[in-house]
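Residue numbers (our numbering), protein chains in the order written: chain A, 262 to 881; chain B, 20 to 196.
FYI, nobody ran anything at the bench for these hints, they're computed from the structure. Beta carbons: idealized from backbone N, C-alpha and C, even for Gly. Don't take each hint at face value.
[As the list claims (entries may be wrong)] Derived list of chain B stretches under chain A, where covered just means 3 residues or more per stretch with a C-beta under 8 Å from a C-beta of chain A:
id, region
1, 29–43
2, 67–80
3, 138–145
[What the hints assert, rightly or not] FRET-style restraints, in silico, Cβ to Cβ:
id, chain 1, residue 1, chain 2, residue 2, range
4, A, Glu613, B, Arg134, 26 to 32 Å
5, A, Asp299, B, Ile42, 44 to 50 Å
6, A, Glu534, B, Arg70, 19 to 25 Å
7, A, Pro673, B, Ile42, 56 to 62 Å
8, B, Arg88, A, Arg822, 41 to 47 Å
9, A, Gly666, B, Ile42, 18 to 24 Å
[Said to hold, decoys possible] Straight line, CA to CA, 27 Å or less: simulated DSS-like cross-link-like pairs of lysine-lysine:
id, chain 1, residue 1, chain 2, residue 2
10, A, Lys690, A, Lys670
11, A, Lys580, B, Lys69
12, A, Lys762, A, Lys796
13, A, Lys758, A, Lys432
14, B, Lys182, A, Lys394
15, A, Lys690, A, Lys609
16, B, Lys69, A, Lys758
17, A, Lys845, B, Lys69
18, A, Lys762, B, Lys69
19, A, Lys796, B, Lys182
20, A, Lys580, B, Lys182
21, B, Lys182, A, Lys868
22, A, Lys432, B, Lys182
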Amino acid sequence: MLLQISEPGAKPSARPRRLAVGIDLGTTHSLVAIVQDDRPIVLEDWQGRVLLPSVVHYHADRRVEVGYEAGAWQSDDPENTFISIKRYMGRGRGDVPERQGIPYRYADTSGMVQFETRAGRVSPVEVSAEILKALRERAVRALGSELDGAVITVPAYFDEAQRQATKDAAKLAGLEVFRLLNEPTAAAVAYGLDQGAEGVYAVYDLGGGTFDISILKLTRGVFEVLSTNGDPALGGDDFDHAIYDWLLQDTGIPAPAAGDARRLLAAARAAKERLSEQARTRVTVPLSNGSTVERTLTCETFEALTEALVKRTLAPVRKALRDADLAIGEIKGVVLVGGATRMPCIRKAVAEFFGQAPLSDLDPDRVVAIGAALQANVLAGNRAGDDWLLLDVIPLSLGIETMGGLAEKIIPRNATLPVARAQEFTTWKDGQTAMSIHVVQGERELVSECRSLARFELRGIPPLVAGAARVRVTFQVDADGLLSVSAMEQTSGIEAKIEVKPSYGLNDGDIARMIEDSYRHAQDDIAARRLGEQKVEAARLIEATEAALAADGALLSEDERSVIRRHVEALREVAEGSDWEAIKRASDALNDASTEFAGRRMDYSIKTALTGQKLEELQV
Amino acid sequence: MISAATRDYFELFQLPPVFQLDIDRLDIHYREIQSRVHPDKAAHLSDGEKRLFLQWATLANEAYRTLRRPLDRARYLLQIHGVETGEEDNTAMPAEFLLEQIEWREELQEAQARRSQPALDRLSVRLRREMNALLDSLATLLDVERRHSAAAEVVRRLAFLEKLGRDLDQAQAELEA
């Protein structure tokens, strides 16, 4: 038996710290960070590297490699080696720009793209899950314990389908998502806390494959996103491709072999990175036909090649400022995010546009992961009292299809999350018991020009004469920007049943199948995983309930308290065992028994929130 | 237990139900409430509690949005007093007001046709002045004289002008692009 001996003088902690990491799931590379001893640290792999290339390689036996090991296959096995997979998350075939040098074989599917590999068909969600799994394993190895949860960052401009795909990937990787956090918000968290800054900030994020501009307002510990804009298909990769195209012109080869294309692209990227430090660089690429491409690239040439790309970033910046109703002079500071902002041409353009030098104290590659880790630490409840709140907005309007293929907006862009709106529908035929609703996201008037998010089939409407039924459909978007829908027939109070068919996502059945698949291949035990999950959930529930009873037990009568205590004890007992279904039943029972208590605590909390406020107001 | 769905917005923020609302206090109270009910505060709690937080945070956002914007605040006050603004079916606006609307629209079209940014800017300034005057009269009608049906008509006029303002913004955006 091991004895726990605490350091002399060390305070025994009230309860164990929850391990919560921040993950920057990037287009070209990904990182994982955690807060330890109040300081954010970015976790390294066994070789001391913090960046994990977002590259996944599939072998025939479904063995998977991620990161540098996978990157080694880029030239020799490009069809089974996925780079920049983030571009495909929640996207249909028609959304992804065709471009040279992309060797994947698309599977013949509708909705989100899928690829044929030698290990079978894979979706971008599964590929991303492999990256997340690698980061999770890195964290578990470094921390010596399983994780309680994670904050995962997404571009602010990601639509619902892309956010859902990200969350699905996390689920597949066995991560509990505390929150999907916008990347620029994470960057502001990293900077805002270090500098105690208040005011309006612009976050200019040029990553590998996405460009985002966000205008954030920081006041009294609240981060509000005033507006976001961007280009989901513009990033550092495009600068590589600009050099690649320039190199190709020289070779006279119209379409190089896949392996040559990879080598040229890798050389282009390396040259771009060298130009952040030096004025000129030599590019040498041996080709498979025995010839060699050799050219000298100067900063001037590079700036000329990429001038249009740099300009393309400024149009969304202007739009974001207009949406926020702000002049350039009102921006207090500009935060740079993304490795591509190391390019001097970008820094120069940003400084000229905003009339001030951008903030660059933190490593632009790490700043998002650091912010995510700080937020994860707050959401895990590891900080008491002095925590902060992040308010985000929905980046694109949500609407439904109406007559003539027009989109009617239901939730406007930039509404603060979470948000819900209800809409009433009626039947147009006598005795009609079902209707279908098409939800879209985007700013355009035509449904065909918006993104199709989901189709809902409403069933169980009571048969009435045409126009008599009144079905109230509520669209709820949560703090992560994810949609859920409920429906109620108003005249009868009958809940209409909803079947969700996400247009670009996976349904729950797909995810369950993928999880089982991954276990078959990993020869792991799915039952063990279920049991583990239920035990974690039970422990969390017991701890939260006991904390609530200790803090606000006075809101209940003695009888009510003892009912809840009995359920806690019952759960504690079964949680010792190994029957995951019994643990789940006991957890559900405790949840049900505490619903009323939770409601009373909420009411009490809101009342005291404002009475406790009065003193502070007097000081204003 | 008071359910999130039935809570009065003014009561939620513990502010008096008036049109001339103390916006600074509204801002402070909103943040204070949101810092208690936002789903982030329930990230490590049970699913049932997560749902409860989601409902309340959604309500706080809706209430804040409604009270923050003067026109929506007026609509909400009238709704509390049982007065429908009837903006969908009550199109019987006074003839002089409708004539004025036609003139506004003609000026907007002319400025667009000439692609004149200064003309659009002048129009925007005049429109804002007109709307501010109407908002001032709303304050008197709602908070002092309590003439709700007269207030409802001012709300309908403001709705027209707000729509015009959106089209004006759109025209300016198109000219900049």
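Okay, the hints, checked on the actual structure:
1. 29–43: holds (count 4)
2. 67–80: With 9 residues in contact (Cβ-Cβ under 8 Å with chain A), the coverage given for the region 67–80 of chain B holds.
3. 138–145: violated (count 0)
4. A:Glu613 x B:Arg134: 26 to 32 Å: With Cβ atoms ~27 Å apart, the hint holds.
5. A:Asp299 x B:Ile42: 44 to 50 Å: Once the Cβ atoms are compared, 36 Å apart, the range 44 to 50 Å for B:Ile42 and A:Asp299 is violated.
6. A:Glu534 x B:Arg70: 19 to 25 Å: Given a distance of about 47 Å, which is not inside 19 to 25 Å, the answer is violated.
7. A:Pro673 x B:Ile42: 56 to 62 Å: Violated - the Cβ-Cβ distance for A:Pro673 and B:Ile42, about 21 Å, lies outside 56 to 62 Å.
8. B:Arg88 x A:Arg822: 41 to 47 Å: holds (44 Å)
9. A:Gly666 x B:Ile42: 18 to 24 Å: At 41 Å between Cβs, range violated.
10. A:Lys690 x A:Lys670: holds (25 Å)
11. A:Lys580 x B:Lys69: violated (35 Å)
12. A:Lys762 x A:Lys796: violated (32 Å)
13. A:Lys758 x A:Lys432: holds (26 Å)
14. B:Lys182 x A:Lys394: violated (50 Å)
15. A:Lys690 x A:Lys609: violated (63 Å)
16. B:Lys69 x A:Lys758: holds (23 Å)
17. A:Lys845 x B:Lys69: Holds: A:Lys845 and B:Lys69 sit about 17 Å apart, inside 27 Å.
18. A:Lys762 x B:Lys69: Status holds; Cα separation ~24 Å.
19. A:Lys796 x B:Lys182: violated (55 Å)
20. A:Lys580 x B:Lys182: holds (21 Å)
21. B:Lys182 x A:Lys868: violated (38 Å)
22. A:Lys432 x B:Lys182: violated (44 Å)
Of the hints listed earlier, those the structure fails to meet are numbers 3, 5, 6, 7, 9, 11, 12, 14, 15, 19, 21 and 22, in rising order.
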